[in-house]
Each structure stands twice: as C-alpha cells, then as structure tokens.
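Chemist: Spelled out from the first residue to the last, the chains are:
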Amino acid sequence: MNHVPLEQGLLLAGMLFVLGLAGLLARRNMIFLLMSLEIMLNAAGLAFVVAGAKWSAPDGQVMFLFVLTMASAEVAVGLALILQLYHHFHTLNADSVSTMRG
Amino acid sequence: MLSWIWLVPVVPFFGFLILSLFGGFLSRRMVAVTGAGSISVSTVLGGLVAARLIMEKAGEVPMAFHQVWWTWVGISRLRVQIGFHLDAVSTVMMVVVTFVALLIHLYSIDYMEEDEGYSRFFAYMNLFVASMLVLVLADNFLLLLLGWEGVGMCSYLLIGFWYREPANGLAAQKAFLMTRLADTAFILGILMIFSHLETLQIQEALRRAVVTWPHGSSAAVTVAALFLIGAIGKSAQIPLQTWLPDAMAGPTPVSALIHAATMVTAGVYLIARMHELFELAPVVQMTVGIIGGLTLLLSAMSALAQQDAKRILAYSTISQIGYMFLALGVGAVSAALFHFMTHAFFKALLFLVVGAVSMRLNHERNIMKMGGLRHDLPLAFWTFLIGAAALAGFPLTAGFFSKDWILWEVWSQESGSVWLSGSIWLWGMGMLGVFLTALYIFRAFFFIFYGDQTTQPDRKTPSWALSISLIVLAGFSLMGGWVEWPATFGNVALFSGFIGTAIPVHRASAHVFIEELLIQALSVGLVLFGIFSAYLLFLRHPGLVEAVVGTTPGKELRRAALRGWGFTRLYNWLIVQPFLKTVRVSKHDPVDRLYTRLMVNPYLWMAQINKDDFLNRFYDLLVTVNRACYLAVRRVQNGHLRWYARIMGAGAVVMMGMVIFL
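Protein sequence lines correspond, in order, to chains A and B.
Throughout the first sequence, residue numbering follows the numbering used here, covering 1 to 102 in sequence.
Throughout the second sequence, residue numbering follows the numbering used here, covering 1 to 662 in sequence.
These are calculated hints, taken from the structure and not from any lab test.
Do not rely on the hints blindly, as some may be mistaken.
Listed below are several chain B residues computed to face chain A (Cβ distance under 7 Å; list not exhaustive) [as the list claims (entries may be wrong)]:
| no. | residue |
| --- | --- |
| 1 | Arg617 |
| 2 | Leu641 |
| 3 | Ala650 |
Every beta carbon over 12 Å from chain A, so not counted as near; a handful from chain B, in silico [stated by the list, open to error]:
| no. | residue |
| --- | --- |
| 4 | Gly59 |
| 5 | Trp72 |
| 6 | Asp458 |
| 7 | Leu544 |
| 8 | Val585 |
| 9 | Met599 |
| 10 | Gly639 |
| 11 | His640 |
| 12 | Trp643 |
| 13 | Met648 |
| 14 | Gly649 |
| 15 | Val653 |
Chain A is nowhere near these chain B residues, computed Cβ spacing over 12 Å in every case [unchecked claim]:
| no. | residue |
| --- | --- |
| 16 | Leu145 |
| 17 | Leu191 |
| 18 | Ala225 |
| 19 | Glu279 |
| 20 | Leu379 |
| 21 | Gly451 |
| 22 | Thr454 |
| 23 | Ile514 |
| 24 | Leu528 |
| 25 | Trp565 |
| 26 | Asp589 |
| 27 | Asn610 |
| 28 | Tyr644 |
| 29 | Met658 |
For glycine and all other residues, C-beta sits at the position ideal for the given N, C-alpha and C.
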C-alpha cells in the first residue's frame, strides 16, 4: 500500500482548513458560509485520518465518523435556521442579519 | 335507695339546662313549675336518702355512704373520681340546703313575678343549688372546688341579676374578685395537700394527714391557713367581708338563699369538714376563733348603724357566721353546724320578710321610711318577730339553742395553752354580741312595724306560695332548735349525736351544771336587756340616740360603723386607687416613650446626619465601574456573524501562537 507521508497529509488538511476559514470570512451568503464550515470540518477530519494512518490506529477513522455525524446534524440545523431567516428577512446576507445587538 | 343520691344535684342541674335552653319558649307558669319543681324533687330525694342513711348505716363508725361513678382525671398518681361522700355533716348540709332552697324558690315564684328575667332567675338559682350540692357532697377536693367555684359564679350572676344598673354590676364584680382572691389560697392549699399526701380524696387525705403530720407541724399549719383564707373569703369574715353588704344588690331571694343561708356558710362547712387538719394546727384554729369573735362584734355594730333593711341583715349574717367561726375556733364543730342550720332558717326568713315588706312598699328598703306596718302586714309582722327572736336568741327559739351551745363551748374550753387566757375574751365577745344582736334586730323590728305609719302598703294579698314559705320557715325558726337541748334542760342530743357519727363530738368534758345554768341565764338576760334597750332607745326615747349621735365622736363612730369600719376605703386606698393610677399613667405609655427617647430618636438623628450617604458612595463607585465594563463588552456582541467568526479565528491563532511560542 502506497503510504502518504504525514507532512503532506497534514499540509493538505491545513490548506483545506485555511481555504474554509478564508471562505467563511470573505463570503456573505449564508449558504456559502455553511459550505465553508463543511470544508473546515472535513479538513479537521482529514487530519484525524492522516494521523490515524501514521500510527496505524483506527481511532482517527472512528473520530472522522463522529465528525461526519456531527457535520450532518449541524447542516440539518443550520439549513433549517437559514430557511427561517430567509422567511423572516428575505435575504441571505449575513451582514444584514445583525439586529440582535448586544 | 342510697345510690339515688346522684340525682340530688343532677335534678336541679337539669332544671337549669331546661330553663336556660328553653326558658324563652316556656310560659311563666311552666318556668315556675320547672324551677321550683326540680328543687322539690331534689329535696324529697335528699330527705329520703338521708333517712335511708340513718336506717341502713346506723351503728357503723363512721356512719357514711360513699359512691364513685367514674374517674374524672387519671394521670399516673393523680386520680380524681366523680364520687359523693355522704356522712352526717354532708347530710345536714344537703338537707338544709335543699329544704331552704325549696322554700325560697316557692317564695320567688311570687316575688319575681313581674320581672322580665323570670326564667333566667330560676335557671341561675337551679344551677346554684346544683353547685352547692356538689360542694357539699363531693368526696374529693377537685369536685369540691368545682362546686365551690360554681356557687361563686352563680353568686356573681345573681348579684348582678339586674345588670342594667351599673352599681349592681360593680357589686357583682367586687364579690367575684374578693372571693376569687380567697379561692386562690384555697387552691394552693389543695395543691399542697396533693403534693404532700398524694391524694385528693378528702377522707383519705385527712387520715394520712393525721398520720404524717405531727401536731403543729409547719405543713399542717400552712395548709390549714390557706384553707382558712379560702373560708374567710367565701364566708365574708374579716378582713375579706366587704363584698357581702354590697352583694345585697341582688334580688332578695338571692340574698336569702346564697348570701345568708347557704353559700356564705360554705367556709364553715369547709373548716368543719377539715377539722382534723385544723386540730393539727392549733395556731390556725385559734385564729379562726379570733377572726370569728372580731367579725361578730364589728359587724354587729355595723348592723346597728345601717338604715337599709337588707344591709342590716347582711351585716347580721357576717356576724352570725362569726359565731360559727368562733365555735370552730374552739373545735366545737357540731355547735357550728347546728348554728349553721338554725341560722339558715331564721336568716332566710328575715330576708324573705324584708323582701315581702318592701315588695308591698314599692321596693322601699330604708327602715327609716317604714313604720307602723304591724296592722297592715300581720303575716310579715309575726314572721319577722319570730325570725328576730330566733336571731337574738330568745329562749326556746332555734337561735337560742345554737348560740347558747356555742357560748358554753367557748366558755368551757380547757385551759393549758397560752392562747387560753384569750378564750375568756372570745367568750366575752360572744356575750357582747348577743346583746348587740338583740339590739340591732329589734331596732329594725321597731322601726318597721311600730312608730308612726309613714307609708301605705298596697292592698295586694300575699300569694299562697309566699305565705307558705314564710310560715314554714317561721315554724322552723321557732322549733328547729328542739333537736338539741342543753344539759340543763332535758339534755336532748339528737343533733350532736348525729354529727358525732362523722366527727367525734366535742362536748365540754365536765358539765358543771350551775355554771352552765348561770351562763344561760346571763345570755338570756342580755337578750332581754337588748330587746328592752332597743325598745327604749328607738321607740320610746328616740331623742337619746339622736343626742349621742349628735356629738362629734358619736357622729364619727356612726359613720365608721355605717361604712363597715372603713375596710372598703382601706382597700380602695391600698389596692384600687394605686391600680387605677397605674392604669392612668400607662395610658400614655411611659415605657414606650422611654424607648422612643432612648432608641428611636438617636437612630433618627443618625439618619439625619447620614443623609449625604458616605457609605453609599462606595456602592455608587461599584455601579459606575460595572456600567463602564458593560458598555465596553457590549460592543463585542454586535450581531455580525462574520465578525464573530473573525474573532474566533483570531483567538484560535493567538492561542496556537501561545502554545507554540511560549
């Protein structure tokens, strides 16, 4: 089996995470914010898997399953919230949904 | 038959229940039938029970019937039963109480006829008779106390019977409070008996007292003294006698029944019942005699100055109970009880006659405003004459036998103690009392029935009930003493023999025939002299008295006597006025004012100073700082989602930087 070195795997995970974070900070559409979040989650999951492969332990893959479960639950809740927000404000711009001031 | 004894007090009690619950629905006739009927049933039962006692228990020593119905209180050592003890003493009391009560109830049917509180009156009277019978028959102290307080309450209710008059209410309160004062001592005595002898049964307690307490021991003296105070209060002896003259505010039958014949002699009954105890405490017993002697003299002199017929009789009652105390003081229980019996007859009679006379004179009670009534009121005239003769101790009337017996007992006391030289003095007081008694009662007699007629009685003929009660009582006043003849005249000893079955008879040890005869002759002489003096002073030469009273000392003496020797004023000055003063002072709440001055005012003053609130400054500062922090932190929560994400990202970078580089 062809081993991927740890450094490359982690680098890929870090790049993906930074991409997701950049999308999260740059985008205004809430759907895209959600998608950026998914990217970040998957980056974290990739780091788990890579680390698990390095020490040939199943823990990393188990952790990824948890992350996937959590991500799907989060998407379900997040999409429902976005739908409600859209009904209420008729926009998906995250910046214009800021009436909840401290 | 003997076991029917419980019905004797219970029947009048039922009479009371019926009258108080349904009195408003009954006609006057039915009220009278219930009221007097219950007493007559009780009288008949009492007589039957007494007869059975004498027949069944003759020869037993002591001749007594004891019955217990149920246990009233049973807490470990404290065991109080509802039970009656019938011996010679309680039999005499029971028979006399029911009999006199019956006659007075009959009298009341007519006397109270026009009163609006007809059924209330009979209800109270029935309750009184029931309580009195409980008192007399009780076999333990608690039941005795129940009856004792019951009669006190009825006395209060009946003195204040005409409660619309404020003075009557005050008289009732006075009687109630003064007797209550004495009852406190009585209750303490009962408690002491229980704590020392561990029983409340009267007979058992007496048996144990004789065994446990030595002669003259402090416990016996204390208990006897406490009981004596109780008896003094109830029997209106010096110094607690002031309530009785005021108690005349009640209707006349009440005065006759409660404040002459029965309730006020409860003290005599108590001492007679407890006489073994009093014999253990010679000091107290002597005090009983001294109190009796003083009381009989002082109140006889008071009676001489009174103008209200009922007050004369009230003071006379105090004086006659003084004779009973005198007898008890020398241990002559039988003589005391004998005088109780004859006194119940003639004093009830005198009260009833006075009531009957004033009823016909539009309720006039001042003897100065009466006069010459002997032709208009022949029944009253004759019955009053008999009553007065019996009270004075005219030979062969009831009062003669009883008073003579008492005087002989006092005279023939064996010497031996230091006190005894006093016994002669007591006897002297009794003798002087005989003269005074004859003087004051015949003064009233002459004023009412002789002299110039100043008032015209209304032409109402007395009803049969009223007449019968007067005639029967007159008969007993005349002949009631014939059950006991002194040794000098036939020596009949029915009464003392009967009492002797319960209490060892105290007969003078040696009968010195001549001595006794001389004393009797002396007392008869004094009676006749008293009557004659009354005739001279108040009928023939009224100027003489006026001349004496006209002088300054005479005037003062008369005023003092009229006011009962200033006891009321003394108590007023000693107790009532200070109390009222305290009340008046505390109306303005001095204690409260003190607190205001000492605590509330300084506090208010400090609050005034602290108006600028230097303490609060500190808290204000806290508030300002808090508010500034809040305003600063508030900016972070601006609702911009991406801003939050940025902060979170920055935070994560900072944290990671710290982990890596530090």
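Chemist: All hints are to be evaluated individually against the structure, with a verdict given for each.
Modeler: Quick rundown of the hints versus the structure:
Taking 7 Å as the C-beta cut-off, the interface hint given for B/Arg617 is violated, the closest approach to chain A being about 29 Å. Of the supplied interface hints, the one on B/Leu641 holds, with its beta-carbon coming within about 4 Å of a beta-carbon of chain A, less than 7 Å. Because the smallest distance between the Cβ of B/Ala650 and any Cβ of chain A comes to about 10 Å, over 7 Å, the interface hint for this residue is violated. At the 12 Å boundary, the C-beta of B/Gly59 stays outside the reach of chain A, the nearest C-beta of that chain being 113 Å off.
Its beta-carbon lying about 81 Å from the closest one in chain A, B/Trp72 satisfies the requirement of being farther than 12 Å from that chain. Here B/Asp458 stays apart from chain A, with its beta-carbon at least about 106 Å from theirs, past the 12 Å limit. Taking the minimum C-beta to C-beta distance to chain A, about 117 Å, the non-interface status of B/Leu544 holds against the 12 Å cut. No beta-carbon of chain A is positioned within 12 Å of the beta-carbon of B/Val585; the least distance is around 68 Å.
With 12 Å as the threshold on Cβ separation, the claim that B/Met599 sits away from chain A holds: the shortest Cβ distance comes to roughly 50 Å. With a least CB separation of 4 Å from chain A, B/Gly639 falls inside the 12 Å interface cut-off, contrary to its annotation. Annotated as non-interface, B/His640 brings its C-beta within 12 Å of a C-beta of chain A; the closest such distance is 5 Å. Not every CB of chain A is more than 12 Å from the CB of B/Trp643 (nearest about 9 Å), against its label as outside the interface.
Not every CB of chain A is more than 12 Å from the CB of B/Met648 (nearest about 9 Å), against its label as outside the interface. At roughly 6 Å from the closest C-beta of chain A, the C-beta of B/Gly649 falls inside 12 Å, breaking its exclusion from the interface. The claim that B/Val653 lies off the interface is violated: its Cβ sits roughly 10 Å from the closest Cβ of chain A, which falls inside the 12 Å cut-off. B/Leu145, annotated as away from the interface, keeps every beta carbon of chain A farther than 12 Å; the closest lies near 83 Å.
Its beta-carbon lying about 80 Å from the closest one in chain A, B/Leu191 satisfies the requirement of being farther than 12 Å from that chain. Remark: the non-interface label on B/Ala225 is consistent with the geometry, its nearest Cβ contact in chain A lying 90 Å away (cut-off 12 Å). Annotated as non-interface, B/Glu279 keeps its C-beta farther than 12 Å from every C-beta of chain A; the closest such distance is 101 Å. For B/Leu379, the non-interface assignment is confirmed: its Cβ lies about 112 Å from the closest Cβ of chain A, beyond the 12 Å cut-off.
No Cβ of chain A comes within 12 Å of the Cβ of B/Gly451; the nearest lies about 115 Å off, and the non-interface call holds. With a least CB separation of 110 Å from chain A, B/Thr454 remains clear of the 12 Å interface cut-off, as annotated. The claim that B/Ile514 lies off the interface holds: its Cβ sits roughly 128 Å from the closest Cβ of chain A, which is beyond the 12 Å cut-off. The beta carbon of B/Leu528 sits about 122 Å from the closest Cβ of chain A, which is more than 12 Å, so the claim that it is off the interface holds.
Residue placement check: B/Trp565 keeps its beta carbon more than 12 Å from all beta carbons of chain A (closest about 97 Å). Every C-beta of chain A lies more than 12 Å from that of B/Asp589, the closest at about 59 Å, which supports listing it as non-interface. No Cβ of chain A comes within 12 Å of the Cβ of B/Asn610; the nearest lies about 38 Å off, and the non-interface call holds. Remark: the non-interface label on B/Tyr644 conflicts with the geometry, its nearest Cβ contact in chain A lying 10 Å away (cut-off 12 Å).
Every CB of chain A lies more than 12 Å from the CB of B/Met658, the least distance being 18 Å, so the non-interface label holds.
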